[in-house]
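Colleague: Sequence:
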Amino acid sequence: MPLWRKLVIVAAVDGLVLHAQGANGPRSNGGSNNEASSIRIDYKTNKITALPALASENIGKDALEAYGLVGLLSVASHSFLVSITQRKEVANIQGGPVYAITNVAIIPVSSQEDAGRAITQARKDTSQEDVSIDPSSDEDDVPDNENITAEAEAEIASVPASPTRDTTHARGISVGSIAEDVIGKRVRFGRFAANWLSRKNLGLPQPGALGQDVPESPVEEPPSPLDDSATDSKGDTGTEESPANDAGIQSEDLPKSAQAADLLPKLLRYTKLLFASHNFFFAYDYDLTRSLYTQEARKDQLPLHKVVDPSYFWNRHLMHTFIDNGVHGFVLPLIQGFVGQREFTIAGTEPKPSANSSEELSGGRILGEKSEVEGASTDPSKRDYLLTLISRRSVNRPGLRYLRRGVDDEGNTANTVETEQILSVPDWSPSHPAYSYLQVRGSIPLYFSQSPYALKPIPVLHGSADSNLLAFSRHFREMSRRYGKVQAVSLIDKLAGELKLGEQYERYTESFNNAGGIDGRPLQLEWFEFHRECRGMKFENVSRLVDRLKDTLNEFCYTIVADSDVLQTQKGIIRTNCMDCLDRTGVAQCAFGQWALEHQLENEGIDIDLGGDSPTQWFNTLWADNGDAISKQYSSTAALKGDYTRTRKRDYRGALNDLGLTLSRYYNNIVNDFFSQACIDYLLGNVSTQVFDEFAIQLQTTDPGISVQKLRQNAIDTSCKIVISSPSEEFLGGWTMLTPRQPNTLRTLPFEESVLLLTDAAVYSCRFDWETAKVLSFERIDLRSVSRIHYGTYITSILTDSQANEASNVGLVLVYRDGDINTLRVNTRSLQSDVDLSTLETTASANSEWDLVSWLRGSKPATTRFMAFKGLPLSNSTASPRLGPTGGTVREMDRVRSICLDIERAMLAGQSRGVDASVVEQSDIISLADAKKRTGWLEYLVYDIKKMVWA
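Going left to right, the sequence shown walks through residues -22 to -1, 1 to 929 as mature numbering (1 follows the signal peptide of the UniProt record, and there is no 0) numbers them.
Just so you know, these hints were derived from the structure itself, not from any lab. Please note: incorrect hints may appear among the correct ones.
[Claimed, not checked] DSS-like mimics (lysine-lysine), calculated; alpha carbons at most 25 Å apart, straight line: (1) Lys463 <-> Lys528; (2) Lys(-17) <-> Lys39; (3) Lys39 <-> Lys102; (4) Lys472 <-> Lys516; (5) Lys752 <-> Lys688; (6) Lys102 <-> Lys(-17); (7) Lys25 <-> Lys360; (8) Lys752 <-> Lys699; (9) Lys549 <-> Lys472; (10) Lys516 <-> Lys528.
[As the list claims (entries may be wrong)] Taking CB as the label site, the calculated pair distances span: (11) Ser704 <-> Lys910: 44 to 52 Å; (12) Asp587 <-> Met515: 17 to 25 Å; (13) Arg459 <-> Ser685: 19 to 27 Å; (14) Asp872 <-> Glu749: 31 to 39 Å; (15) Leu473 <-> Ser442: 23 to 31 Å.
Idealized CB from N, CA, C, for every residue including glycine.
Generate the whole structure from the sequences, applying the supplied hints.
Modeller: Here's what the structure looks like:
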């Protein structure tokens, strides 16, 4: 089923009307498609209704022309249609054009007035004239509006720095200079900063966050597009534009009662910048998500979105409304990554050219440009070829540099990119062989992280050996399923910072092979210490790696396709990684790509060395553009070592360039990436709107690829094995809760997530190291010493509505008599304890991992102490709400009360006689009024400054 190639969007009275070009359907369908060519998206409800085909005279002049849809973005009660308004042809594969998105329009689906103003602004940005549709027109006859207008560029340039930068890497054109890139990152705050520093914000916190559990009510004032008179940031008013303006809405039009008033404009701003960054690609006639030899003919007329590889379908979540309503012709799959293409002319085989002959490779040229060597195409002794490079970023474990590292529970790794290098003839003649060579990059498939606050952060490993081996195995088995044999290549250093991670990679490879490997075949790992092998900036030494793997490369080979038949299949994949899978990986993959091209040309009867000859610089430039694109998508800057990849030379200027890029990455790591990561997870459908509430509180978000519930259950299980040493004690229950870092306090910040265990004899409070999965210390409270248990409202901060919500901020306090029946144990091998051991008596042996500390007071009277616990949020962005016995949502107060009653029942079961009154009491621990009194202006100020910087 073909795709609609051009759309016209009109703001009608009752909804947005999308009309496909041509009354008879898509050009390639010949009118055989029965799917509606016009649909209406109802305002506010997003209901999609098929409409009769519209005549061109009924469309009207105030319409927006689009080349496809990104999808429908819904945030709480607001929806926005994201459409492609500008594109650029970057390649031609098998006769069909491939486009990069260069601009998008975000249209609110709220009212005719709002949508109309957004359409008017989008038409102004793209310099579209009055739209009129000729039903018989061919879409390729219409200009593509290939270049972003100056006004649109200025609009994007005014957006704060983000992980996806504007870059023109298409068609082999080099990425802009570093100076231009830095200029494009300038930050303009305008009313955004003024709002954050206003007296209202300094005096009272902003209302709640997206996705907060609050009663639903109709929105009286939906977000409206910006008036034409206020859109130009350099207009007559002289005021800077608001961040909301990029999406056609004004911040004062957003709901005042939710955190969306602060974060929705930035989400829309980021969405526009992300999809207009030249890093998203589409084709109407070719499946970009799959390699050349896995293309499907689609003779059964299945919609393209049903046959694409879901691992690379980046707008699937945004398209679900259209998919669910069966309007398949409007569903245009997008990939993120890189597409570049170069045509080049090469000498024939008679006579065989020398490796250094300048006649050997006349020069590469961008698709559609005139040959750099006159007469190259008519000289019978020369042959024309086309080299296409496609990189596909996976939607599994997506995100940014230090916020997405290693592996997730399903075996997906961060920064996984499949790169395909295709060699063909320019006209894609079916009878002439086409060659495809695949490579993959991806993070080391272990649980690890690195702090974004250090220039050279040391990797920290997480999880148990079993959990790491399970994720490791899942990853490589999936790799084998996709590609056959796997050769892993690690480029990290054998120095202190990276050595431990590399050794663990080797250790788990050995364990994996001992367990059977991949279908009985061992996984091969080549550790090439890149910086040592290439010291002195001699990156050409990467050829040593190619030489080491020569036998493997020859075994895996490449794919050959001719006349729709696969003559030869690539039998395995080279999987390359460094720490970021960017700079060192890019140099190595370029070397493997060079090996493939040389051998493919040799199969054509041409013996050539692509080494460092100047006529072959187009090849290096193409790979450097690919590296820059992937680097910008993952680390916010162009790739390091790009000068070598382009020129095969390295000098001090390249090193200084890399220093500047490193500092730019560092800034983005600690400032921009946290919110950008939340946006990426939300746009892909991996999290709910609750992610923005989490961000408003923590200024960071959880990792949806790591199961929080599994981590907490593992923490409870681990704690049980360690702290409940007596076989006579029966385990009754375990929970994870927040507790103040300092004992015997209620509001010592920061709170830590700890493990609370209950047996028939005692209550255990365990401090847990969530990175190493170890118990740091625990306190055992004998049930006989417990005197009272309080539960109730427990508010520790009022900076956001969710933090000040009395119904969801609940905790308990365990009051007990201090005495010799209670003990504290500290794990001296995992952490330097905060406990002052000089005031306590150590009774355990010096060689024991655990030092037993008994609280012996001698003749001193027993004192009363307490232990405070606060319930975790009822749900988070990646977890569903807890369900009660009847399926209803459990209130947080009821959950905490249930824990208290469990403790009381254990106390009563251990006593020989009953008690006259319950020890469980409901009373406020810290009420909302008390929390307001305890929150000073400095705390507000610090939070507002942080949020101005991070959000």
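Colleague: Just to be careful, I want the Cα atoms of Lys516 and Lys528 compared with a cutoff of 25 Å; is the pair within it?
Modeller: holds, 21 Å
Colleague: Take a quick look at whether Lys463 and Lys528 sit within 25 Å of each other, Cα to Cα.
Modeller: The given pair, whose Cα atoms are some 15 Å apart, holds under the 25 Å limit.
Colleague: Between the alpha carbons of Lys752 and Lys688, is the straight-line distance 25 Å or under?
Modeller: Since the Cα atoms of Lys752 and Lys688 sit roughly 15 Å apart, the hinted pair holds (cutoff 25 Å).
Colleague: Is Lys549 close enough to Lys472, meaning Cα to Cα at most 25 Å?
Modeller: violated, 31 Å
Colleague: Is the gap between the beta carbons of Ser704 and Lys910 within 44 to 52 Å?
Modeller: holds, 45 Å
Colleague: With respect to the beta-carbon atoms only, verify the hint that Leu473 and Ser442 lie 23 to 31 Å apart.
Modeller: holds, 26 Å
Colleague: Does the beta carbon distance between Asp587 and Met515 stay inside 17 to 25 Å, or does it fall outside?
Modeller: Holds - the Cβ-Cβ distance for Asp587 and Met515, about 22 Å, lies within 17 to 25 Å.
Colleague: Hint check: Lys(-17) vs Lys39, CA-CA at most 25 Å. Holds or violated?
Modeller: holds, 16 Å
Colleague: Please verify whether Lys102 and Lys(-17) have alpha carbons no more than 25 Å apart.
Modeller: holds, 19 Å
Colleague: Is the gap between the beta carbons of Asp872 and Glu749 within 31 to 39 Å?
Modeller: holds, 32 Å
Colleague: Would the hint linking Lys472 and Lys516 be met if the CA-CA limit is 25 Å?
Modeller: Satisfied, since the Cα-Cα distance of roughly 18 Å is no more than 25 Å.
Colleague: How does the Cβ-Cβ distance of Arg459 and Ser685 compare with 19 to 27 Å: does it lie in that range?
Modeller: 23 Å Cβ-Cβ, so the 19 to 27 Å window holds.
Comparing the model with each earlier hint shows violations of hints 7, 9; every other hint is respected.
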